[in-house]
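Heads up: the sequence lines are chains A and B, in that order. All residue numbers for the first sequence refer to the working numbering, where the first residue is 95 and numbers rise by one. All residue numbers for the second sequence refer to the working numbering, where the first residue is 95 and numbers rise by one.
Incorrect hints may appear among the rest.
Just so you know, same-sequence chains aren't split out, so a pair can sit in one copy or run between any two.
[Claimed, not checked] Listed next, the in silico DSS-like pairs over lysine-lysine satisfying Cα-Cα at most 27 Å (straight line):
| # | residue 1 | residue 2 |
| --- | --- | --- |
| 1 | K225 | K275 |
| 2 | K268 | K322 |
| 3 | K225 | K328 |
| 4 | K328 | K268 |
| 5 | K326 | K97 |
| 6 | K202 | K347 |
| 7 | K347 | K141 |
| 8 | K97 | K268 |
| 9 | K347 | K268 |
| 10 | K328 | K202 |
| 11 | K268 | K287 |
| 12 | K165 | K275 |
| 13 | K287 | K148 |
| 14 | K326 | K148 |
| 15 | K347 | K165 |
| 16 | K322 | K148 |
Calculated directly from the structure, the hints in this document are not laboratory data.
Number of protein chains: 2
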Amino acid sequence: MGKLVFVGLGLRGLGGIPLEGLEKARGADRVFLELYTSPMADFSPEKLEKLLGKPVTLLRRVDLEDEGGRKVLEAAGGGCAVFMVPGDPLIATTHVDLKLRALKAGVKVEVVHAASIYSAAPSISGLQIYKFGKTVTIPFPSSGYTPETPYEVLRENLSRGLHTLILLDYDAEKGRWMTVKEGLQYLLSVEEKRGEGAARPERLALGLAGVGGPDVEIRGGAMGRLAKADFKLKPQTIIVPGSLHFVEAEALKVLAGVSAEELNLESPG
Amino acid sequence: MGKLVFVGLGLRGLGGIPLEGLEKARGADRVFLELYTSPMADFSPEKLEKLLGKPVTLLRRVDLEDEGGRKVLEAAGGGCAVFMVPGDPLIATTHVDLKLRALKAGVKVEVVHAASIYSAAPSISGLQIYKFGKTVTIPFPSSGYTPETPYEVLRENLSRGLHTLILLDYDAEKGRWMTVKEGLQYLLSVEEKRGEGAARPERLALGLAGVGGPDVEIRGGAMGRLAKADFKLKPQTIIVPGSLHFVEAEALKVLAGVSAEELNLESPG
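Build out the structure end to end from the sequences listed, making use of the hints.
Here is the structure:
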């Protein structure tokens, strides 16, 4: 029976690869890689090939979405294929789809989990992960159309006192990463239009940059002010806190430089 | 300046340790370890010492909570200390507390992220991670008192059509892991008392066991039926789906053996 192993690469560089993932990739008949579902800083296929000591086949979006990962399934059908992906595998629908195809074809599937922005950003922010509500991504506006879903998700989480993890779009083709500044400007612009209070300029927000690296920038403050700040590192992420426990408030002071005044700026809802 | 590096161990065994974490631990002056905040299957301090080629100091709850991690801070103040922890670091409040103490003492802090059940369980379930609401843990009842918060969180998520990740308690002192069966029986018993519909016996639920290992058990079905099923592997986790996209429904059929009939069993809310 053939085998397909999904291996997560973690957040950046080669250092996030789990020991088991390295071992499985070194022992595989074929190694595939995709880099379009999520941003990876300090990473290149060449560096990975050097670490593994073997060639790696880089797959494009078209290989997975239009061709259904045919190359991967063929390799997995006749031996052991490893498919290395950014972050934790199977968060992207395209990975789930490939897994289902493999199972239907009688291929055994294993998963080597790795670090994901879904736990890394909440945990490093000093906020409590079980107080986060639904997550949302702000997409780059396409042809002038700006969806308001991210604003609505934020409003709903705030009404329950929950924190919101707001991921920022990554355009793999253009190599373009959305910044905290762009994300906040989007939220403030929807607020101006709808006036429902979720993204008032005085609402507390956090910007995170370079999560997963040795130096992480975390800065918090009123949205209106933070929307003018420049973060250097990539990728960037926004967190909008809901109700704060005093332990969380203390953590935000120390970790994100939030002043006592700013902590009192706003109440959720 | 001293340095403290938090290194995540991932989900189980030694294979979840990120390459960077291994490197930092091998290069550190002192390595500390805790195993009480989260369950780790197939893991022992002795195996870790063998991998690192150096001694590891195992910390108990009392070392961190009562003594504030004094030993770790002392070691970090005078060199480089690595603190290895289950899952992704800083999800446990006790880690955040130690990080704040270190920063206040002028110690540089770095974090090596690793796999966490917070992303691994949702992603491997075939459900879409951005459709999960607030997470909750079902605790072992203490002195007969059973909190109803997990039920309330589930009800609230369902009313918004969101999925719920329900973590199950782990008693590190007794080495006891809560099972899917126990967790579901708890939910069904609160339903019987409150009758608000969140945990009706016919509501669809998923049980997951052994997430992070080579063989993962995922089974879905009506809560009443699933509450009688035995899962072999550890740790175990419950997911209660909210509204299902057809891609998610298809994934549950293949991955969790949910029948077409069961998929239509219930509507959220």
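Taking the hints in turn, this is what the structure says about them:
{"no.": "1", "hint": "K225 x K275", "in the structure": "both (25 Å within a copy, 25 Å between copies)"}
{"no.": "2", "hint": "K268 x K322", "in the structure": "within (24 Å within a copy, 52 Å between copies)"}
{"no.": "3", "hint": "K225 x K328", "in the structure": "both (25 Å within a copy, 25 Å between copies)"}
{"no.": "4", "hint": "K328 x K268", "in the structure": "within (15 Å within a copy, 43 Å between copies)"}
{"no.": "5", "hint": "K326 x K97", "in the structure": "between (41 Å within a copy, 23 Å between copies)"}
{"no.": "6", "hint": "K202 x K347", "in the structure": "between (48 Å within a copy, 17 Å between copies)"}
{"no.": "7", "hint": "K347 x K141", "in the structure": "neither (38 Å within a copy, 39 Å between copies)"}
{"no.": "8", "hint": "K97 x K268", "in the structure": "neither (34 Å within a copy, 38 Å between copies)"}
{"no.": "9", "hint": "K347 x K268", "in the structure": "neither (36 Å within a copy, 37 Å between copies)"}
{"no.": "10", "hint": "K328 x K202", "in the structure": "between (36 Å within a copy, 21 Å between copies)"}
{"no.": "11", "hint": "K268 x K287", "in the structure": "neither (30 Å within a copy, 56 Å between copies)"}
{"no.": "12", "hint": "K165 x K275", "in the structure": "neither (40 Å within a copy, 41 Å between copies)"}
{"no.": "13", "hint": "K287 x K148", "in the structure": "neither (54 Å within a copy, 60 Å between copies)"}
{"no.": "14", "hint": "K326 x K148", "in the structure": "neither (34 Å within a copy, 37 Å between copies)"}
{"no.": "15", "hint": "K347 x K165", "in the structure": "between (50 Å within a copy, 25 Å between copies)"}
{"no.": "16", "hint": "K322 x K148", "in the structure": "neither (45 Å within a copy, 48 Å between copies)"}
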